[in-house]
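Chemist: Take a look at the letters that make up each chain.
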Amino acid sequence: MLLFPSQAGDLSTGRPSENTENKPDLSLDRVRRPCRVEVLQITGGRQVLRTLASLSIRPGDILQVRRAAPFAGPILIESAGTKVAVGRGMAQKILVRMLP
Amino acid sequence: MKIALIGQPNCGKSTIFNSISGYRSATANYPGTTVRISSSKIQLNGALAELADLPGVYSLSTSNPAEKAAENFLLNEGVDVVVNVMDASLLSRSLELTLELRELGIPMMVCLNMSDEAKRKGTIISTERLEALLNLPVVETVASRGLGIRELFTRLPRETGRPPRQSEALDWHRNIKEIIERMEVVLKGHNHLSSRFLAIKLLEGDEDLLETQAPETQALARQLREQLQVTHGRPAESVIMTERHDWAMHLFEQVAILGKPRTDVRESVDNLLTHPFWGYVFLTGILVGVFWVVFGFGSRVEQVFLEASEAWSARLLVRMVPGTFSYALASSIWGGVVAGAAIVLPYLLPFLFLLAFLEDAGYLPRVAYLTDGLFHRIGLHGTSTLPLILGYGCTVPACLATRILPSRRDRFLASTLATLVPCSARSTVILALVGFYLGPWWALGLYGLNAFIVILSGWLLAKLWPEISPGMVLEVPRYQWPSPRVLTRKVWLRLGEFIIVSWPLLVIGSAVLGVAGYWHWDRVVNAGLSPLTGLLGLPQSVGTTLIFGILRKELSVVMLMQALGTTHITSVIAPGQILVFTLFVMFYVPCLATIAVQVKEIGMQLTALIVGYTLLLATVIGLAARLILQLISFR
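These protein sequence lines are chains A and B, in that order.
Under this note's numbering, the first sequence is numbered contiguously, ending at residue 100.
Under this note's numbering, the second sequence is numbered contiguously, ending at residue 635.
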């Protein structure tokens, strides 16, 4: 459910996208190895945004991806000292950019 | 005076609560341990006060019933002082809630808990600076070791009647402030809540609060939200959230010095326990290990106790004449006493201890992480594993724990599955009957079969009630070495439940059955249930035990011995019958306490559905087992 379907893009930081051509944005569920990513945008309802924000996952935040569980399991990330298991469905809603 | 402990999940509110009021509120190392509000009367500087332990909330915009309960308590129960507990090692995140709570205008204190963890992470926090910037009293504590608790509660009475003062460091951005003030004007004096708090909530789009307002106020809120969106280029709640987040970050930078974290062995442990391969190896190992310890301890003690009880009963009942009423009564009462000591306690005690250990160490969220993928396939999400694992302890808290799930459908599914998981009472049936008479491998096999049925049921129910699950987002806390003191108290709390409630019921139930047997009343019940027992190929006299089993699950095994008139069960019924009986008991109808909780949590209709489903499932499985055993001519 999108609460603001027409402004989904506005939920991002509002900064111009620093997306470079060779590093396309991807959703968090597609990151399957340890690395650092920056959250660009979260598509989802108010509640989803809230839940993620309260665990320090919001546009602009840097996440450390720890590992992904097998069997299409959750992604284990660390943000601001908190480890969070993000289920696959939720991870699909989080658009990220890989950081070097 | 009413004091509320509030904070983000797993920050130690219940630990603080317990250190003041004795061990009354269960604690564990996973977010969402407390789903009910517990309160206690305490003495504070000679005056009586009420201390309430609220479920953890990440923010004051809630998504699940447990958080809702906490929010409602805070808003509507006339709280005099708020104690905002926070995990010091997660300071910047925790401060966001503090900033939100401030707006409530209720006198407030900040409790910087787990400050030892923060130091271990290399974060040095200046309490004085934080106090000055927030303009709120701040006390540092390590609740698990009782440090700082005294200071917290001595300073507390001084804070009553002093709402949080304005802080220069914390002021909204000018144009947001203007909008908040315009909203505030129409709200002044119309509500028991602080108008500032209400104004911000309405601008954030809180539906529940919006509904309670007059149409003009609602219209104004909508208009101002739009205005914020136009000027800031994103939705109003996002504007407010970001502002709060920026403050929290700013505060954090001002009060904390980041040093080098100490190398933490827990990281390596966690890497192993969440490993894509070894994680599952350890998970299986831990579960099987728990089984062997519980069975190994329990069966040895059961043997010793049963032998001792025979010698005792011979001495006790020697003067009585078998066949008389007094003999029937005395021997059945004695039977109940023995059953509790010899059959239930030996298995219950080690089991509760190990479960408490895993809970406090923080292993359960890892299990949720590892199993989410599997659960997702059957249409549930990994957060549901928490209630399921708790179900091995007792079904009642397991059903309550479903409150951390946001959707009603997920709560129903998790409650149903938690009912199918053998609770500690049913585990005593499995271990004391099947394990004891047929061997531990049979018992282990039953647990395996049970897990399979649980997964199958989950898959089936999810197919019947499809809904796209919002997916798991679960905080995975640090490991903690469980404190022996807390472990003992926790086991004692749960054991007390058995000793105070179940054991007397065992004795009473046993006596009732003994007396009924003397006058042959049980025949009526047994005859009534004979279609079922006949279908399962069980002796007719087993019928009454199944009725007692609905009262308390432990009763089914005790009553079995009472009904058959011996503790040497194998002399009366065949191993195959023991297996069928145990299978049936494992699945059929939840106990009364569970039914009561479910009616409250998910409603009458869904509970009736669970009762019907479990009865059907138990009968089908029992019958299938009987037929298969006959086919392979197992005796």
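Some hints could be false.
Which chain A residues face chain B? A few, computed with CB under 8 Å, are given here [to be verified]:
hint, residue
1, Thr51
2, Ser54
3, Ala72
4, Gly73
5, Lys83
6, Ala85
7, Gly89
8, Met90
Derived from the structure by calculation, the hints contain no laboratory data.
The beta carbon of each residue, even a glycine, is placed where N, CA and C say it ideally should be.
Chemist: Against this structure, judge whether each hint is valid.
Modeler: Here's how the hints hold up against the structure:
1. This hint holds: Thr51 of chain A has a C-beta 5 Å from the nearest C-beta of chain B, less than the 8 Å allowed.
2. At about 3 Å, the closest approach between the beta carbon of Ser54 of chain A and any beta carbon in chain B falls short of 8 Å, and the interface hint on this residue holds.
3. Given hint, Ala72 of chain A at the interface with chain B, holds; its Cβ is 5 Å from that chain's nearest Cβ, closer than 8 Å.
4. The beta carbon of Gly73 of chain A comes within 3 Å of a beta carbon in chain B, closer than 8 Å, and the hint placing it at the interface holds.
5. Given hint, Lys83 of chain A at the interface with chain B, holds; its Cβ is 4 Å from that chain's nearest Cβ, closer than 8 Å.
6. Annotation: interface hint on Ala85 of chain A holds; nearest CB of chain B at approximately 4 Å, less than 8 Å.
7. Taking 8 Å as the C-beta contact cut-off toward chain B, the hint placing Gly89 of chain A at the interface holds, the least distance being around 3 Å.
8. A cut of 8 Å between beta carbons decides the hint on Met90 of chain A: the least distance to chain B is about 4 Å, and the hint holds.
Going through the hint list in order, the structure satisfies each hint without exception.
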